[in-house]
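> Sequence:
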Amino acid sequence: MKRRAIAGLLSFMLAFTLLMPGVRAGEENVYLDHDGRKIESRLQWEPAWEAELPFEQTGIEIGKRERMEAKSFRRSADLGGALALEPLEAGEEQGNSRQGPQNYVPHSDLAEETSVIVELQEEPAKVVESGQAQIQQRSSSGASAGAAQKVKINLEQQAFKKAALNRLPVTFGREYSSVFNGVVVNLPADRVDELLQMPGVKAIYPNSAVFATEVGETAEAVLQPPSSTSFIGSELLWAENIRGEGIKVGVIDTGIAFDHPDLMGAVVDPSGYWGYDFVNEDHEPYETTKQDFEQAKAADPSIPEVNENGKPYYTSHGTHVSGIVAGQGVGIPGEGAVTGVAPEAELYAYKVLGPYGNGSTEDVIAGIERAVDDGMDIINLSLGSQSNNERSADSVAVNNAVKTGVIAVVAAGNSGPDEATVADPGSAEMAITVGASKPPLLTPIVQAETAEEDLVGSFFMETFDKSFGIEALTDTYELVDVGLGYESDYAGKDMTGKIALIKRGEFSFADKALYAIQSGALAAIIYNNSPEALESGTLGGTDVTIPIYALSGVYGDQLASALASGIVNVNFGQTIEQDTIASFSARGPSKPSFDLKPDISAPGVSILSSVPEYEGWYEAQNGTSMAAPHVAGAVALLKQKYPDLAPSEIKALLMNNTVKLTDRTGARYTHMDQGAGRIALDQVLDAPAIAMTEEATESVEHNLPTTHYSGSLSYGHVGLGGTSSKSVVIKDIKGVASNYSVQSLWYSESEISLSVASSDVSVPAGGEQSIDVTVTVPASTTETYAEGELILSNPASSHIIRMPISIYVGEAPEVIVVSDLALTPEIISPNGDGVQDAADITFTIHEYTAYFSLDLFSAAGQWLGTIVEADEGLSPNSYKLSGWSPPIPDELYFVVPYAGTSLQEAEPLLSQAAPLVIDTGAPVAEVFGELEHTGGLPEGTIRGQVMSDLLIDLFVLQRGLAYGDVIGVAALYQDANGEWIQSDGSIDAGGRFTIQVPVQPGRNQYEVYVYDLAGNGAIEPVQVIEYNNGGQVVPATPGAVGNHQPFNLDLFFTVPEAVYSVSIELQYSTSLTLTGIQAGPELEAHQALHQPDTPLTLVGTPLDASGATARYEYFISLEGTDGYSGSGSLGRLTFEASEPGYYVIELSKVVLRDRAGHEIPVQVSPIAVIYVH
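Residues -25 to -1, 1 to 1148 in mature numbering (1 follows the signal peptide of the UniProt record, and there is no 0) are what the sequence shown lists, from first letter to last.
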């Protein structure tokens, strides 16, 4: 059985910064000595975090805990003293997160750079601000709390970045703090896992590709009646003068063409602030235009106008979405007009998708943050990715945005019709996720017969964009199979007056249409290469002059099979069709909870809306991208009508009152297809109350369960023989009392029991009432999925609330009675020095247990006693044991939880065993002699040897960590101002250490400390070194240079007395040429400080160069000021050699004088050597 490793043992890399009072993420561990001086631990917890000390390697036979008959013995072995278990207070954190840091990035062995998003532990600032404002009921309190939280987040992020830079080749991108606490990190893909070891990390997510969720344009003028906004009931609220006035909607998308006549009044201040462009980092979030493409093309001719997915470089998606939300119906003469669902709502654009409608998770989160910071009431995200993960970074950001009071409407995605295809961030539990249905549309039908007039079938079709001439197909025509529709497939076929049948695949729809037109065909039918419907597609820039139809793979195969047997003739018709689910609309459930998604459906097929001028002002498009803004607009209307309703209440109001959808055969769509049904504002208006299910999500801050509410009863997985109960809250929203009868039903015969606690419920005016709904799964059932409805009927108003119910049946996950056992910190030093003397123990109980204890075992497997025991039972909760400081020897131990019906029957929960290290002794170390110092140089070296420490035994010798991972070395010294400064050293693989320290003129004192991760050795120095540094002058060269390459001779000095003038005579080979002299910076700065108008004197005098040796005098003097004392450079002389060789430069005479002219005694190192090669 796999046990918690020492990755848990030292996990207080995270826990220590979260829980220990007075220590915050980003600060060093500070220890004070008796004089008030402080030594700061530079050790990082990460190496010990990742070291492995698996529990099973300890040799503990944990099941053989001593079973003593007399509990008095167990009491005598009580290691907990007078400590007592206390439930964690609301908001109090446990030592470690519930799951520990999570990595959701797929593993890679490649070293190529990748981008990830790292989430940190501190709660996002806007979530804190919102929560505090709700508690205090005043915004100033919330704002203050939010500002304070941003400081904490900044400290945590800086600590993380510092640690990552120290250990990994990383660069950083965006930082988030409002609705997501995290940082974008770029690093080699094969090193992503190492980020888990950094301080404060909660989770790592892929920085995924994100794209607009429309699936192409469709032929226009097919909608019956003319507006999808009318179809959902918007006009009924308009009649009440509810048009979205004052409601701010943030469109997180490709930008908005604010100059569209239908949007100019909706984008409130296009000349001022109206959003942000995260693609180009500016305040003009306009669409990516054709002009942008032309500029990009000029810079890089390889950039295609249309990418491999058929998407043009220039965009219109955000403008189309915006018209559905809040188009104002101004229109263009001869072109039409679009009125959105909430025509008086205010639009703001957050451009996160650039060319081709593509973007990334990092920009989506940035857009969400900015929208929340800007005070949006609603955000619309008609975008998605290729993953279905409720715990994705953007889903977490959406959930947190909703917690701040913003209503998030998200497209489900266009990867249907397969199960579990809903795309992030549409998987976010707190979002309103929208699937796509059909408004009333004229749907073309093809009827096929053999030459003998035997019916092959009548089939519904779809129409591609830019298809023309449908109305002219009034006769019967021969159908010709042309395979994939390559140009060569038409060879030898007379297509005049005939219809081409083409199979999807291998090349574009546009080229298939082009070859059909060139063949002379009257029309073409393209059928899918998979069984499902082919509901839409784009023909790009092709000049289409014939109708192009789309057909499902099943129907297409039937036609192809009939053609293989002989001639098939077809004729065409059409019918009005509505309220079917688009085949492309992504389906639920969301994972990993298997909750119902989408939440609701809305029109998303052939939706006519605004586009920029370069796209023709108006266009019909398909996609859940078009469905979501119908709901966002509806929410704006409801937000105006019911300003006090919370986001979850508006979500429930919409879900409670829908139209249930069926397919073309009348078969009911599942909840995972349609959600609660198609949005119906006419039904919403009649609702006096709402019904909501209490749910919990961990896809928010801290991974701790957070309550939210939904309009569905999603039970997720319930195991065989299992039972699950949910609470449904019925709440009045109109200030009137109401009574509802309650019934539940399965849609098909089921063995699963579905029971409601009460058959009727009375809701007081302005109040609420709750009932429990319970499912019980027989152990013998063979069902894997069931769904039904909870129906609440109000006879007085005829109002009916319908809540979808879904349940997946399977083996229930193993119930973990105890989880998250953590010691904080997990290395302690109970020696009374005030440094890590005690640990807090935290854990969570998930279901009632009659007996519980925490027992301590040695690393050798010996049971040592009980830390704490609850023999009268523990209820589900999170618990804390504070200030545990056990009187036991220094060693490695394991804390093991036991749970069961009694002491005798309790079993060890091995997976939760938590390690503990007791280490009360400072490292044993020796300092080698005195300070190593070469006269005149500004630095010296302290050397020594670390001999032993418990942490060396556990981590260095047994686990292969470096000495420097668990042992630190440092020296404290005083600077010229008397301030104590810390200089940190390094330790090699043999335990030998060096510390570089500055050397001042005169007396120097260094306190040498050798300390460990437990804080031992941080208070008392292992040795104090005294060093007296008299006056010295030392010449220095770079050691080696190339021939004819200039080099410098620096004249370093250290003097306790005040130097006023210096005279130095040099001797050197005439093969060296002196090319320049300059004063030392310290003397120059001293002169400028005290006599800024008077330069110092600098004179160089050649004395002799007649033989092989040249002599030169260097003189420098301060003027009108006191002398300079300290260290630095007397000057710099620049030489150049005429030929290779070794050269000696000798200081033959050095005289330093004070201002009175008295000579200052100094030691001189007379020779400097340079090698010229």
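Because the hints were derived from the structure by calculation, they are not lab data. Glycine included, every Cβ here is placed at the ideal spot set by N, Cα and C. Some hints here could point you the wrong way.
As the list claims (entries may be wrong) - For lysine to any residue, the following SDA-like pairs were computed, each having C-alpha atoms within a straight-line distance of at most 20 Å:
#, residue 1, residue 2
1, LYS223, VAL243
2, LYS701, ALA712
3, LYS478, ASP464
4, LYS468, LEU417
5, LYS137, ASN284
Unchecked claim - Ranges of calculated distance between the beta carbons of each label pair, as one might list FRET restraints:
#, residue 1, residue 2, range
6, LEU85, GLY148, 34 to 44 Å
7, THR749, ALA937, 38 to 48 Å
8, ASN255, ASP84, 49 to 59 Å
9, ILE307, GLY247, 19 to 29 Å
10, GLU726, VAL243, 51 to 61 Å
11, GLY807, VAL899, 15 to 25 Å
12, ASN255, SER923, 55 to 65 Å
> Each hint needs a verdict: does it hold in this structure or not?
Going through the hints against the structure:
no. : hint                        : result
1   : LYS223 x VAL243             : 10 Å, holds
2   : LYS701 x ALA712             : 24 Å, violated
3   : LYS478 x ASP464             : 12 Å, holds
4   : LYS468 x LEU417             : 32 Å, violated
5   : LYS137 x ASN284             : 41 Å, violated
6   : LEU85 x GLY148: 34 to 44 Å  : 20 Å, violated
7   : THR749 x ALA937: 38 to 48 Å : 57 Å, violated
8   : ASN255 x ASP84: 49 to 59 Å  : 35 Å, violated
9   : ILE307 x GLY247: 19 to 29 Å : 25 Å, holds
10  : GLU726 x VAL243: 51 to 61 Å : 57 Å, holds
11  : GLY807 x VAL899: 15 to 25 Å : 20 Å, holds
12  : ASN255 x SER923: 55 to 65 Å : 60 Å, holds
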